[in-house]
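Using the sequences and the accompanying hints, generate a full structural model.
Just so you know, the protein sequences line up as chains A and B, in that order.
The working numbering applies: residue 1 is where the first sequence begins, and numbers increase by one.
The working numbering applies: residue 1 is where the second sequence begins, and numbers increase by one.
Not one of these hints is a red herring.
Below, in silico cross-link-like pairs of lysine to any residue (SDA-like), each with a Cα-Cα straight-line distance of 25 Å or less: (1) Lys92/B - Glu128/A; (2) Lys173/A - Arg134/B; (3) Lys173/A - Phe117/B; (4) Lys92/B - Val130/A; (5) Lys173/A - Glu129/B; (6) Lys92/B - Ser125/A; (7) Lys92/B - Arg124/A; (8) Lys92/B - Ala123/A; (9) Lys173/A - Leu143/B; (10) Lys92/B - Pro129/A; (11) Lys173/A - Val135/B; (12) Lys173/A - Thr133/B; (13) Lys173/A - Gly138/B; (14) Lys92/B - Gln132/A; (15) Lys183/B - Leu9/B; (16) Lys173/A - Glu96/B; (17) Lys183/B - Asp93/A; (18) Lys173/A - Glu132/B; (19) Lys173/A - Arg139/B; (20) Lys72/B - Ser125/A; (21) Lys173/A - Ala128/B; (22) Lys173/A - Asn137/B; (23) Lys92/B - Ala66/B; (24) Lys173/A - Leu126/B.
If you are wondering where the hints come from, they were derived from the structure by calculation, not from laboratory data.
Computed from a predicted model, the values in this text were never measured in an experiment.
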Amino acid sequence: MSDTAFKPLDRNGIAARIARDIPEGWFVNLGIGIPTGVSDFVPEGREVIFHAENGVIGIGPAPAPDQVNPHLVNAGVTPITLRTGGAYMHHADSFAIARGGHLDLCVLGAFEVAENGDIANWARSPNEPVKQVGGAMDLAVGAQRLWVAMEHNTKGNGESRIRRVCSYPLTAKGVVRRVYTDLAVLDVTPDGFVVLDMIPGLTFEALQARTEAPLRRMPG
Amino acid sequence: MINKFVSTLNEAMEDLENGATVLLAGFGPGTPEHLVQGLIASGVRDLTLVANAGGRDDGPIAELLATERVRKIICSFVRPASVAARLFTAGKLELEIVPQGTLAERIRAAGAGIQAFYTPTAADTLLAEGRETRVINGRNCLLEYPIHGDVALIDAWQADRWGNLTHKDSARNFNPIMAMAAKRTIVQTSHVVELGELPPAHIHTPGVFVQRVLHVPA
Numbered sequence: 001m002s003d004t005a006f007k008p009l010d011r012n013g014i015a016a017r018i019a020r021d022i023p024e025g026w027f028v029n030l031g032i033g034i035p036t037g038v039s040d041f042v043p044e045g046r047e048v049i050f051h052a053e054n055g056v057i058g059i060g061p062a063p064a065p066d067q068v069n070p071h072l073v074n075a076g077v078t079p080i081t082l083r084t085g086g087a088y089m090h091h092a093d094s095f096a097i098a099r100g101g102h103l104d105l106c107v108l109g110a111f112e113v114a115e116n117g118d119i120a121n122w123a124r125s126p127n128e129p130v131k132q133v134g135g136a137m138d139l140a141v142g143a144q145r146l147w148v149a150m151e152h153n154t155k156g157n158g159e160s161r162i163r164r165v166c167s168y169p170l171t172a173k174g175v176v177r178r179v180y181t182d183l184a185v186l187d188v189t190p191d192g193f194v195v196l197d198m199i200p201g202l203t204f205e206a207l208q209a210r211t212e213a214p215l216r217r218m219p220g
Numbered sequence: 001m002i003n004k005f006v007s008t009l010n011e012a013m014e015d016l017e018n019g020a021t022v023l024l025a026g027f028g029p030g031t032p033e034h035l036v037q038g039l040i041a042s043g044v045r046d047l048t049l050v051a052n053a054g055g056r057d058d059g060p061i062a063e064l065l066a067t068e069r070v071r072k073i074i075c076s077f078v079r080p081a082s083v084a085a086r087l088f089t090a091g092k093l094e095l096e097i098v099p100q101g102t103l104a105e106r107i108r109a110a111g112a113g114i115q116a117f118y119t120p121t122a123a124d125t126l127l128a129e130g131r132e133t134r135v136i137n138g139r140n141c142l143l144e145y146p147i148h149g150d151v152a153l154i155d156a157w158q159a160d161r162w163g164n165l166t167h168k169d170s171a172r173n174f175n176p177i178m179a180m181a182a183k184r185t186i187v188q189t190s191h192v193v194e195l196g197e198l199p200p201a202h203i204h205t206p207g208v209f210v211q212r213v214l215h216v217p218a
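Structural data, given as C-alpha cells:
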C-alpha cells in the first residue's frame, strides 16, 4: 500500500478536528495528552465550558508566564486561568460533576478502544507494579458521552489501537461513543465501528488495512 | 473563649500516634507542606497515608515516604519515577489504588456518616477483582467503604480562631472533605483573620471540622 497519498494529522490536528464537533453550551472535561489541546481550537465566541476534575469549572486561556497564579492549576498540575463566570469547588463536588452525569462530554486519550466501546488507557499490563488510574475511570463512566483522541496505530510496530477486543486492562466497559485518530473519525455503534470521516487521500480499504477491528462505511 | 490557634509546629503535631491514618490534602497547590515537615519531625511510624497521588522524587510526600515510616499509601496514582514506586517495588510500601473520584467520595462519605455506597466507577476493571458488585438500575456497580482519618493535614488561605477556613482558588481540592473525615484536623493557614471577618456565606470549611490551626505566613 502507498503511504504517500495522505498525510496523517498531527496531535494538534486531531485536537482541532475534535473542537469542530463541540457545540456551544457543552460542559467538557479534557484528559491529559492530545485532548488537552482541544480547548485551544474552539472558535472565539463559541461558549464551551471546560472542567478540571481538581475543582475548576470554566477554564480560561493559558496564563502569560508573568501572570501565573500559583494557586490555580488543572488536573495535570499546569497553571491555568479562570474565565469570567467560572467557579471553584472541592474535590468531591468536582467529581460529582463528572460522576453525576453533568458533563456533556469527556475526551480521553487511550491505548486501545474496542468495537463494543471498551476503553483501555491506564496500564499496558495487569502486572504493572505501579498503577496510574487517576480520574479516568470516574470520567469514563460518568460523562454523558465519551470521545477518545489517539493515534490510530502504535508508534513502534504500527499495531492497530482500534480493536475487536482490548488487550490491555480496561478503564471502563462499553462507554466510548466516538474515536478521533490521526487517520479517521469512527463512531462506536451496536454494529461496531462506523467511519464518519477520513483524512484527504485515504481510502476506506487503506484505513481498514491499518485497523484490526472491522469497519463499516457510513450508511447512505 | 474558643481559640484553636497553636503557636508552634510541635504543638500542632502533639499526641500523634504510631499506626495512625493520615489524610494529606493537596493537588499541587493546597498541600500543607509545613505540617508534613512536622509529621516527619514527630517521628511517628507505621502510618497509613491517604493522598491524591504518591508524590514524586522530591517534595513533601517523597520526603515523608523516604523516612520509611509509612506502611501503606492509599492514592489514585503513583508515578513510575518516584520514591513511592521504588519503595513499593522493594516491598517496603503497601499500595491501594483508588480511582480519584471514588477516593474523594470515600473521604466525603466518612465525614458524612455514610457507611458504604455503590458506584459504577471501576466496576468492570481489575480494581473490582474479588470485590462485591451489584447491578443497580441496569449498571454494574462496585461497593465502596468510607476512608476515615485519625488525623487530617489541611491547607487554608484564611482562618479565624473558631477554625473557620477559606481556601484559595484550586488549592481547595481535598481540603474541605479531608477536614470532615478525620478525628483531629490540623490546619496550616497563610492568613489569620478576626472572628466575624470572614463573610459567613464565603466560609469553605466551617470550624466544626477543625481542631488546631497554625499560622504559617505564605
